[in-house]
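The task is simple: from the sequences and hints, build the whole structure.
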Amino acid sequence: MRRCFFPLLLLVLAVSPALAAADTVLLNVSYDPTRELYRDFNTAFIAEWNKKTGETVKINQSHGGSGKQSRSVIDGLEADVVTLALAYDIDALNAHGGLVPADWQKRLPDNSAPYTSTIVFLVRKGNPKGIKDWDDLVKPGIGVITPNPKTSGGARWNYLAAWGFASEKLGGDAAAKDFVAKLYKNVLVLDTGARGSTTTFVERGQGDVLLAWENEALLAIGEAGGIGFEIVAPSESILAEPPVSVVDKVVDKRGTRKVAEAYLHYLYSPEGQEIVARNGYRPRDAAMVAKYAAKFPALPLFTVDERFGGWQKAQATHFADGGTFDQIYVQGR
Amino acid sequence: MRLRRRHALPGFGMTLGLSISYLALIVLIPLAALALKSATIGPVQFWNAISGPRALASYRVTFGCAALAGAINLVMGPLLAWVLVRYRFPGRKWIDALVDLPFALPTAVAGITLTALYASNGWLGRWIEAAGYKIAYTPAGITVALTFVSLPFLVRSVQPVLEQMEPDIEEAAATLGAGRLITLARVILPTLWPAILTGFALAFARALGEYGSVIFIAGNVPMVSEIAPLLIVAKLDAFDYAGATAIAVVLLLASFAALFAINLVQLWTVRRRSAEAG
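From first to last, the protein sequence lines are chains A and B. Mapped onto the numbering used here, the consecutive letters of the first sequence carry residue numbers 19 to 351. Mapped onto the numbering used here, the consecutive letters of the second sequence carry residue numbers 16 to 293.
Be careful, since some hints might not be right.
Each computed DSS-like pair below joins lysine-lysine, with the alpha-carbon atoms no more than 25 angstroms apart [stated by the list, open to error]:
#1 A/Lys86 <-> A/Lys271
#2 A/Lys150 <-> A/Lys187
#3 B/Lys149 <-> A/Lys157
#4 A/Lys147 <-> B/Lys149
#5 A/Lys86 <-> A/Lys124
#6 A/Lys86 <-> A/Lys331
#7 A/Lys203 <-> A/Lys147
#8 A/Lys276 <-> A/Lys70
#9 B/Lys52 <-> A/Lys86
#10 A/Lys203 <-> B/Lys149
#11 A/Lys203 <-> A/Lys143
#12 A/Lys124 <-> A/Lys267
#13 A/Lys200 <-> B/Lys149
#14 A/Lys147 <-> A/Lys157
#15 A/Lys157 <-> A/Lys187
The following label-pair restraints were derived from C-beta to C-beta distances [unchecked claim]:
#16 A/Lys271 <-> B/Ala119: 35 to 43 angstroms
#17 A/Gly116 <-> B/Leu282: 50 to 58 angstroms
#18 B/Asn278 <-> A/Asp323: 54 to 62 angstroms
Think of the hints as simulated: they come from the structure by calculation, not from any bench. Where is the CB? At the ideal position from N, CA and C, for every residue including glycine.
The structure is reproduced here in structure tokens:
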């Protein structure tokens, strides 16, 4: 039996990690539709950092559904910075393993959200079904495409935008629940992420209307050359604030805090804000807001704090197991 | 121990030791971790996690589509194997290689391709839609994807048995006056049956856990076209690790049960046949 240990020893040797030294490398773990934004932004930041400090920094990107990305970081993906779809997913980094402090959102201006977005409708050219506002989405025969709120951060903004509209207009949560239930009866395909839904609507030709991030909708009409689709802004929508944060446990371990913080601060700079606006996200900087006013129509926007009492509460009420999203699918069947 | 045989590989102790540590590392430890994680919630919560209406609906979709896909391949797989073994025709080698494609192709690629084909603006989908049917974004689409990924299991488990089966036996049956149907039912199928069942069980177990190819074509509407593996992913995204593993345990047990049942049937068939022969 003594000899049985030899193979085990071999295995242990083979598995022991080889440590490799490298230049400064940052990992930005982000959500689904920010690929184009951070591709542009990283190029600009690398040049800026090199000019300022003479150091070369390399930035790796990871994209996916916001919840999944947050879970990967909790499970050990060494993200120096996270740029996710909603505050709840960064709160989770605090709740599971204390990767960030509880007050992470107070460390940067504007709730740590250097850019905002909202939820708009993408419809087929000429708007053949005459979709103008949220109440058009619950009419019979309208095919709606939106991702699954259980797996997509963007989808949660969609869901809350519809709910917020209905509770204000129809008065009360019971009416809002009926409204949202009817809306989701019209949903043909629930993809797992925002980018998947865009593909289903644009490439696969499913549905009459896509509930989309404004930046995703702008990208879709930009890529298709404006052919085939148009954006419809509803009478009111939700103010989406995708937040950013350094991951304290990771940057302190890897010694990358300085460059990681500079990276996030650069998002708030005029150059960063310009890149943000070019990629279809609403800038915070007043000068850039004015410059890009034509691209982002003024639209009454409500916040999650105003109508839902914050993300923790919204998550528990609507998206947790047995929450309203589960209820609307289970009831009446 | 008088007759010591020389083996190509040295030492019983070493080969067994290596095999067992390998098996533990690759299979047993992950399974134990799964069981432990699901045990972190009490039995009541465990039951609630696996018996909610959405979970039940997702089992119906997953098991139903996996069984249907298995059943389709139960017929088509052996037929394909038969053609490949018994006939020589130009392009046979190509078709033979093609059978392994579902193994080799990343499942996400398969899913995206199938969706593009079967969506209402796809090459196949537009004709199917015109005829009044819908495949992509329905359980039928899930079945198509599962049929695709599970085909090689049936073909590859039946093929070697067919290759070993001499055509002489069929000729003998014919000279003894058996018609084609009787030869098929009494001579060929009984020999192939264990291999077919094994292939079916493997295909079914594989289809139960399939995620990558299904997720694009399924539509993922809760209670209608939501598969159990998606429910697991959704629970993980909600940081509900224990609930996710609870559903995973249900799928695992179902796979085990399928494989176990097939083994029992095989055992029984072999016994009965040897009893008949004796």
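We went through each hint and held it up to the structure:
no.: 1; hint: A/Lys86 <-> A/Lys271; result: 23 angstroms, holds
no.: 2; hint: A/Lys150 <-> A/Lys187; result: 15 angstroms, holds
no.: 3; hint: B/Lys149 <-> A/Lys157; result: 22 angstroms, holds
no.: 4; hint: A/Lys147 <-> B/Lys149; result: 22 angstroms, holds
no.: 5; hint: A/Lys86 <-> A/Lys124; result: 24 angstroms, holds
no.: 6; hint: A/Lys86 <-> A/Lys331; result: 20 angstroms, holds
no.: 7; hint: A/Lys203 <-> A/Lys147; result: 17 angstroms, holds
no.: 8; hint: A/Lys276 <-> A/Lys70; result: 13 angstroms, holds
no.: 9; hint: B/Lys52 <-> A/Lys86; result: 19 angstroms, holds
no.: 10; hint: A/Lys203 <-> B/Lys149; result: 18 angstroms, holds
no.: 11; hint: A/Lys203 <-> A/Lys143; result: 24 angstroms, holds
no.: 12; hint: A/Lys124 <-> A/Lys267; result: 18 angstroms, holds
no.: 13; hint: A/Lys200 <-> B/Lys149; result: 22 angstroms, holds
no.: 14; hint: A/Lys147 <-> A/Lys157; result: 10 angstroms, holds
no.: 15; hint: A/Lys157 <-> A/Lys187; result: 16 angstroms, holds
no.: 16; hint: A/Lys271 <-> B/Ala119: 35 to 43 angstroms; result: 39 angstroms, holds
no.: 17; hint: A/Gly116 <-> B/Leu282: 50 to 58 angstroms; result: 54 angstroms, holds
no.: 18; hint: B/Asn278 <-> A/Asp323: 54 to 62 angstroms; result: 58 angstroms, holds
Of the numbered hints stated above, none is contradicted by the structure.
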